[in-house]
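J.: Letter by letter, the chains look like this.
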Amino acid sequence: MASITAGQRDPLDNTHDVPGERAPLIIGHDYASVTDAVCGLAERTTASKAWWLAFGFSASLTGMLFAMVGYLIWTGIGVWGVNAPVGWGFAIINFVFWVGIGHAGTLISAILFLLRQNWRTSINRFAEAMTIFAVICAGLFPGIHVGRVWLAYWMFPIPNQMSMWPNFRSPLLWDVFAVSTYFTVSALFWYVGMIPDLATLRDRATGKVRQVIYGALAQGWRGSNRHWQNYERVYLILAALATPLVLSVHSVVSFDFAASIIPGWHTTIFPPYFVAGAVFCGFAMVVLLAVPVRAMFGLKSVITMRHLDNMNKIILATSLMVGYAYSVEFFVAWYSANPYEYFAFMNRAMGNYAWGYWIMVSCNVLAPQVFWFKRMRTSPIGMVIVAILVNIGMWFERFVIVVISLSRDFLPSSWGKYIPTWVDILTLIGSFGLFFTLFLLFIRFVPIVAVSEVKGVMQQPRKGREAEA
Amino acid sequence: MSSMKHDDTSVPEYWRSLDELADSDDFRTFVENEFPASADQMLTPASRRNFLKLMGASMALAGMTACRWPSEEILPFSERPEGFVPGTPRHFATAMQISGVASGVVVSSYDGRPVKIEGNELHPDSLGSTGLLAQASLLELYDPDRSDHVCRKGTDGVETSEWAAFDAFADEHFAAQAANGGRELRVLAGADGSPTLQRMRRHFAERFPAAAWVEYEAISRDNIRQGGRLAFGRDLRPHWALDHASVIVSFDDDFLAQHPNAVRYARDFVAGRKTDDDHHDAFNRLYVVEGCHTMTGSVADRRIPVDTHSIAAYVGCVAAHLFLEAGLQLPAGVGSLRQTLEGFRSHALYASIDASLIVDLMAHRGASLLAVGPGQPAEIHALVGVLNMALGNIGKTLTFTAESDANRPHHVDAIAGLVEEMQSGQVDTLVILEGNPLYDAPADLNFASALEKVGTVIRAGRYVDETSAVADWHLPLAHYLETWGDARGYRGTYSVTQPLIDPLRNGRSAIEILATLVGEATGGYDAVKSTFAQQIGDEAWRGALHDGLVRDSELATTQPGQLADGWVSSLSSFATAAEAGYRVVFLTDARVRDGRFANNGWLQEVPDSVTKLTWDNAALVGVATAKAIGVKHGQMLRVEHGGHSLELPVYILPGQAPETIGVALGYGRRHGGQIATDAGFDAYPLRTREAMAWAAVQVQPMAGSFKLATTQNHWAIDPIGTDTTEERVPILVHEIDIKDLHGGHDDHGEGGGGHGSHEVNLWQPHEYEGYKWGMTIDLNDCTGCNVCIVACQSENNIPVVGRDEVIRGREMHWIRVDRYFQGDADAPSISFQPVTCHHCENAPCEQVCPVAATVHDAEGLNVMVYNRCIGTRYCANNCPYKVRRFNYFNNHLDQSPMETMIYNPQVSKRSRGVMEKCTFCTQRIAAAKITAGNEDRKIRDGEVVPACAQACPTRAITFGDLNDEGSRVLAKQKDPRAYAMLEELNVRPRLRYLSRVRNPGHSEAGHGAGEA
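Those protein sequences? They're chains A and B, same order as listed.
So the first sequence is numbered by the working numbering: it starts at 934 and just counts up by one.
So the second sequence is numbered by the working numbering: it starts at 817 and just counts up by one.
Isolated chain B (complex conformation) (with noise of 0.2 Å):
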């Protein structure tokens, strides 16, 4: 070594070309031109600061670990960190926040990547359970379409920035603007339940005193806080004791998947309908009145079509029946409601009320309960108060606890108010943080052409959106897993948010952002830690970031207040007929919700709950409705309001209440990734002010056609097909009447039952001794979510593989959910039933491959070799349950080492030409296995949890060791609903259903819920 020398002239240059050897003046014109960012890189000559700097770099990306660590630089290991054992996973409890609600998760990390997440069970709003949006989000950190730079705009277009250079900006812009009190600053977020960002709010508020604040969200829940200000004067947040309420009615609101304790709920909807000998007395009812399907009507035992912009009358009839003729009494303080509630006596729809509804709510005073969908009328919110206050039920199924923030404007108001402010020119600067108002603002209000007349528009976001595409400043938001910060759960649990990764894109939280407008210069982790300081206590601190919450910090419930009537007389409006003439109702996408979440290609693939869409929106109509516009499925539709058309492919989906089009919003983004941009079609200019949740429109059919990618009935059905299929599944999906359950008998059904043994084997089947891995899939409690659909397609590497592929019929999930129509086209019920790998123990699979590559292994699982799959795909025609999934191409390829992050480091990612299917989990199942032989001990039923089990917020998947004689799978496989789908095949199959069970009640008056 010593005798190494170095000598400058001897050291060869790299060059890339003979320009660039000349270092031409061209050439350093051309390289300024082409990269103007990094010119100046590009034009030294690489020296061994530079080599250093980037080997540093790429030791860092190599090398990161989970940064629970405050400090902010990243060093490669040289000394392993004590507890840190390369290759095993760690789990990291933080929370989700989606518009200002948080769910608590926890984030395994394998050597510094997060790869799964999953949910929290100590966190209430949790359990251990998560939703689509969260499961998904984890594919938003390592997508490549988020920004990674400051950008500012330019003499001519947009320009690559530094954060130094934004600092510096923002140094002496806001210092110039506190000197005159902010009074033509302006902040537009979205909400926000960061205690955080409320401290530095606080502080933006001392610092510009006559700045302001706009919380503008497009799917706003603002008219649920609205109509409980009106009916009890003051701002409340709901919340529901669905676990102890018989009979739920829900108007329109689609509580299972949009609800932000959507999670919650789920898990305490299917605890009331439990049909085990301790809880059949009090099987829930539930009643759904909706316009459009939603995920929650699918599941009601009753479920009313009426068009969405009617329910306010059904509410009012409801109201007039309770209180006119059931002699529901009163609450005081609204004594003039009935007076009101006369007028709807004329309605059409009063005569047509499900007469078993008044019934049931009569019967089940306090232990009822009434909702309404966020985007009803406030006054309609207001009367439901009411009406759950007459029945009772206030303080037993529904407490409230106070909304923070108070007496802030509506949603809608606000940002009104704030393009008013920005059309007279009153706002100089404008700060956007989240929130993407170019694309999702009320149409009406022309927000770009007021943006025009503001001086400054600073916007922080995670995509180069619609509005970071004009702002003057866009700056990176960092995702939620880089960055610290802090949230409150739907019932106010106190959760802090901690980095598992530095930021891969170069982005600053919100909070961070905020430090810096308020010219504080904290990080986001000491702006966290004297937030929880003051709130809570530093002592807390350690044992937060280990739970991912504070325990029992919930808010405390308050009492609603007394009830006023100065809302009552705007109802009459509600009792009038409505015009007739088609209406567009906007829908909230559980995928894409306002269109933040739409360059998600895992929630782009998975399927719309009902409509088995994927990768668009479309408009639904019902059959009938389709009919009288003279439209066919995939016909293209022009729907014109309010000057603004919109022309997109009609699906045709039974069950849609008459004149009513359902269209989805978030779809049809015009910047924001390159997912985002291919998807769909925006319905936002269709939406204004006065039509938030429903437009009048006029419909138009048009001669082209569009080729919708569904998961489901890949293309139109004949007749002899829909016949088969309405006689099939019945014997598919068993369901079971509750009076039947209980009524002595226990041959339910046709073919069903099927736990007598009706096998014959003409061999002695295969003694398991070991372990004897088995699933059931409690089909009551299936709500249809998908959750399970995107949780498997992050545990286990399954690929997207884009709209052309599904509609050829080549999505990829191992596990999916069936949906089935049954009975009338205009009020068709609605069957879900998940799909994954039966594990037969008598496969049909097994049995063709030549190869040998599909095998049953000792614990009778059906296990996939990829290794020695050649590809015939003779397996996947003779599995009859059809779960089978092949690469037809190499599914990973032109991906970025970012990209690849993402990948799960048990599971392997297979190669094209190769078969692929569930496994049960077995690499979980493989760890358990390494724990148990530690210990010396078996397996405990519940240690093995397959991913989508994990994930499923109402628990309906189990699994577990037959062998075991106390495991709960076995016990559910035992249960008298148990059966196998396609039992009469002899496949044996691993995985068993339990019947759905409904509890429609009857329509003769009398015959009340929970009397089974």
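Chain A on its own, in the form it takes in the complex (with noise of 0.2 Å):
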């Protein structure tokens, strides 16, 4: 880990401005090095121990979340601690969750493109992965969470004998779509980007399989002008896709809640405050993953502090307004003089769930309070317990609102409580193992950062000077 001396200036450190001096946003590389950094990775034939540890546990903490899936589907819903009035628990709350994780990377790729921010380069490449990877996780389980699995399909409008087609009406439908939509563009988005890095490691793959798998996922990639006129284009129209998505998925998974009439979820604030949440839990978890990778692979000097501190940043800003969104939604409650409304959330705040929501609001509006100091915006373990209490918090919330909404709705008579079950605890653990353990396949054999697009924002190398620069 990377640490602060105070007085000596790390030579890693591009945090400080200068007047009239560009911050850089690559320490100390040239062309052929940052290819050797990142292509070198996905290049090693044997992986580290670590590598080997961390992969074997959430190998087998999939292998869990695989064991749970079977057991609920072979036994029933009822395995979770899921009841009426609580008819969704963990289930819902960690598809939100997912799906929240699953809005940073995207942004960084897409918005950012668009706004021409420089510096996302460095870190688009595994964001957009994490998107993925979350966004599979996420789509886990609104397929196991109904009770027949087996006819889970039925949600898709698939033409049929029967002449069924799904509700339009629901919003569970719009979700279908909405995810489905935002899971491929993402994937499009993130293999499209990917392929001059693909062409790069065929290039110089020395075995015979590397070649093959490299060279057909790399399509044929010459690197001609034609081949980066149209891969520019598609890159420039897919950003463009993918710029209301991140808006529009979030939005649309928040309309299962705030179309309902259930107090408590039936809020017009719901699509910018999810917006927002899942930009704010993003952020927190890119800078868990980047803090390790980039002091576990040498990174440092690729996904720089200067990034880190951005994303801080970023983290602040969304935190804030998500905490303003809770601030709000009291206010409405009051300002509506509706008992019911009213009363879903004085119960958030004192009924029998009040720990959760105190937990939200900590971890989500008061911990990241910290990042308005420069000192803890740079320290790699400030921020990494930031973004572990923001990941905890953002959990809570989505608990917060599924959970504690339902548990005490209209009428007195049918309050009740949620428990989770073992396997509620498991399945979300499991859910965690999948995605660590796609991230971990994820960094051992693609390039973990977007070689040709941070190669694009260097300084442009002089003649015959690059040696000594």
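Rather than coming from a laboratory, the hints here were simulated on the basis of the structure.
Hints may contain errors.
[As the list claims (entries may be wrong)] Computed from the model, here is a short list of chain B residues facing chain A with C-beta under 8 Å:
1. L938
2. W979
3. T1540
4. T1541
5. E1543
6. R1544
7. P1666
8. T1688
9. A1692
10. Y1704
11. N1706
12. V1730
Each residue gets a CB set at the ideal place from its N, CA and C atoms; glycine is no exception.
Dock chain one against chain two, each of which comes alone in its own frame, and use the hints as you go.
T.: Now the structure itself:
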């Protein structure tokens, strides 16, 4: 882990703004060394012990996840803690949580791309990968949370002999479209952006297997002008397509709640509030992954402290948005003079699940305030702690919304409680296993930094002087 | 075919293991050890004869038809019997007897399987409704735990046996008993009103003149009989005309739940509370003085919590007020009462007597009614008899019939006498017909040790329970739907009980068993028919079978007779204040009663009216008492009385009288089925002869706690929850004071009324052109008895989920009865509100289902398409009334073929992963449509009655077509009291409630009842 020693400027610290000078995005690299540094990671023939250890651990958790899913499908939804009135529990919380995590990637790639934020290049590849893996984790849950999993495909508008269509009025159906579209576009965007780098790997590959695989994936990329021209155009179009999706997917997810009539769900603030929350936790997850990755794989000069600093600023900003949303919800609950609405929020803060609400507030609103201090924004340990807290907080935000609202709605006779079972808890843990398994495979076999894009934002090498630079 | 050859040597023999094939001696001994009863069968190679026997049996099971015929054998149909259409229900009228009192039922039977029990409209004690137990008795018919063979105690443990073996034994044994006149023969039986059984008893007495017949019921009403005997000198059965009573006072009498005639009395009670113009002058007022919360107390206009053991004194104080101060004339014959009542003036309760009670009683002489609970001492019953007479109620609101079996000893004395004889070795043979004395006899009698001194114990019971487990012979007793029998209603209505199915568990009726005892070889049918011929006349037989009763066969009322005052002096023992200290009050549970219905899953899972507790009993204590003892909800409490102790969880129930701990009897069974033995805590060890109603106890809080399964308040409510509940209840459950109802202003209560149109629609609402189904529930009529829940469960194949799932909040009932407390925690009022699917026209559930599995039909029903449902549970989340139920597991797994016979074939069983909810009994609507369609007409009002409405004793639920101008449901929806719950959500429910009307009167004297 990098540390900052007072008085002496860390050579890798590019967080200081010097007037008249643009801070370097990449430190101390030339084109060749960047390629070497990134591709070298994917080209190692043997993985490190640490990787195997981490991979073994995550893969076991993934195995546990599938065991839990198997048990669930074999036995029934009753193995979870859901009941009447709390018909949705961990599964939906996890779904919204993972979809939220999956926001940062596309935001970084698409929106920051359109906004010409060049600093995105160092982090976009693995942020996008993270997005895809998170959406995979998320996508698992709506599938398994239905009572009859084997019929879940009925949610898709597949022409059938019964002429039965899904109910297009249902927000769950909108969800199906929103998430599947988002996943498709994100995956496409990620893959298209990776083609030049895959070609590099192909060219550098020594073994036949790698040559064939990377060759197939690179789709005959030769780096010709025409290739570059088409590539850039496609990338721009995909970015333009992905940008509204970043906003729409979590807005649509929020409609699951907002379009219902349950107090605490039926709220117009949900779409922007969900999007802000998603960006918030998505960036926290990127930070959480970036800090160890850059330390372990010697990428501190590519994913610089300035990148982390920027992301922490975004975390701080979105934290304030989320905090604002929390307070506005309370204001509106009071201002509406709707007793059910008012109670729903008072119950969050003071009811049986108040601990969940206050975990949410402290993690999401209070913890990120430390990022007002640059010292915290640039402290790897500090930011990892905050990032973890933010992810806990955001998970609890969904817990608060889903469980607390449902547990006490209109009729006091039907108020209930929700207690997760061991299956719920192990499934949640298992979903992290799946996420990290996929991520570990990614850092092992795929260029984790968009080399071609990084080169585009590096200083142009001067002829014959590169070696000395 | 002709070429088929049978070569014996080539027929393969089936074998189950190599050992069997070898037919070794080892294997023979193994089979004999493993299956002693069927060793024979298993060792005989499968023969053609055996095969045909087996096939015959399975055909019989498959094709069993409604056996109205006396014939004992059952044959498969090779020709369809006349008038029988497979798959269509046939209805048979019969009667169910509980503790000697019958109520008329009509049983629907599909292809020989009884699947639904409903009330018999012709029966005066039923009027078409049923109680909880009658509804649930169907489940017992198919209970796999019911014993299915004769057992006898052998040298090493219980062996299975055969009826033939018992018959042979009985012939010999009872002939020997008859030789000495039955001197050492005793029969212990429960109360039974069957005329045939009584006739057989006479035969029994002839054959065994020296034998004795002992009647015992753990939950006995003998104090009432005894009270009549004290006051009027004879055994009388009181009958009430509740619809004619303007002031009803119940002293610890839960007559709406516990009275043998509760179904009829509930109807009469609400008949006196009608608000339409014809009736509103006669709106009755109910006072209930009670220690523990009861259903009757919950619907009271004034509920006065008094410790159960002080209620005797309370009655004395009321009598003192009436006779000594209000100037009520003492009837002739009890002159000494005045003197005794003087003693009550100094009682602490004297000053606290509700003044309006006295004023009301004085103002409504001849139109009031005082009732005392069967747990209160006989003297108090006598005193209330005097009060009723003095108030002029006798002959008006109160009449009497003579009790049969006059002058028999009190149940407690009877069993005590029997035990004494048993202990002294005077009893050689004890026949126990039903009853379960080893479980429910007074603890101080030590029935078990007395039983060891009896030579032969023969027990007939439906289950191998505590008593059967130690008996020498256990005989399986048939269910009332399996055998011929007869019974009399509370008023004496004569019913014939006819079998709908051959005994599923190889049982015989008590009549048949008794016939064996007296050496008669008559079958149940002949015995019943000959009794009928003697008592009613043969020509009425077919009519009685059709109607399920003999019309106008109620017993004639009788004059109570002259008052006697020999008992008066013993009243003074109640005039001194009782010692302070905790008392356990033994409550009668409306579901398991004395424990005999404990193995019934429907009953175990239907919540208690007030506590909403399922699957267990608990120590019910008031808020202040719990604080004084130092126990929390769910904490274990140890109660001790007479050397016996009991540990059970505490349930804190607002409104329990101080120092009163209510514990329901009938739980904590040790034998008698899987369900029974798993439920609750046995309170009988605390119950002694001296303390049959309540016992002074020492209490001690224990460290452990227990998870109680309730269907409401699944966990302790925090302050914010409690406050909000209190704010919301008046919005959800509208209640009006009678004086406001007719006070001229029709804007009643907060959020009330709602009959103006506040609807705002962005689109043209759907027009319903054909039928437009709707429902009303009159909260004023609901007594919270829960029978609608079980009726619905039976009609709609609703599974039982068990205690753990109820704790999780996954009970499946489609209709529930919400219970809310209001007001002071020490004396709250209770409101009931049945909630079922509201069939919203603008249904929130329909919009959110991604696969359109819940949709609206053209008649406005919110229908649930089980086949289409994938189980997202979104609909349940979005339902503001929370009436949707999800199948978290396959709730129909591991059921034996017999258990599955109970299912209503008109209703789909739901698989796991599927949502379900109330359908307004759509199958009944469909059936009515077919009938109406065949007759080329529309469905008439009242032709479709959902199961809940059908069973409801008070007819609180009305269902019908809102497009029919003349329908009752439309009239009720237009009633000024009608309102929709959560109307402001604009879901436009088809179910509307009618507000409850209370008639509390005013505390200041001078405002009598009915003045409004």
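J.: Would you mind marking each hint as holding or not holding in the structure?
T.: Verification of the hints:
1. L938: violated (37 Å)
2. W979: violated (43 Å)
3. T1540: holds (5 Å)
4. T1541: holds (4 Å)
5. E1543: Hint on E1543(B): holds, closest Cβ of chain A at ~7 Å, below 8 Å.
6. R1544: Status holds, d = 6 Å.
7. P1666: Hint on P1666(B): holds, closest Cβ of chain A at ~4 Å, below 8 Å.
8. T1688: Holds - the Cβ of T1688(B) comes within 8 Å of chain A, reaching about 5 Å at its closest.
9. A1692: holds (5 Å)
10. Y1704: holds (3 Å)
11. N1706: Hint holds; N1706(B) Cβ to chain A Cβ min 6 Å, cut 8 Å.
12. V1730: Result: holds, 6 Å to nearest chain A Cβ.
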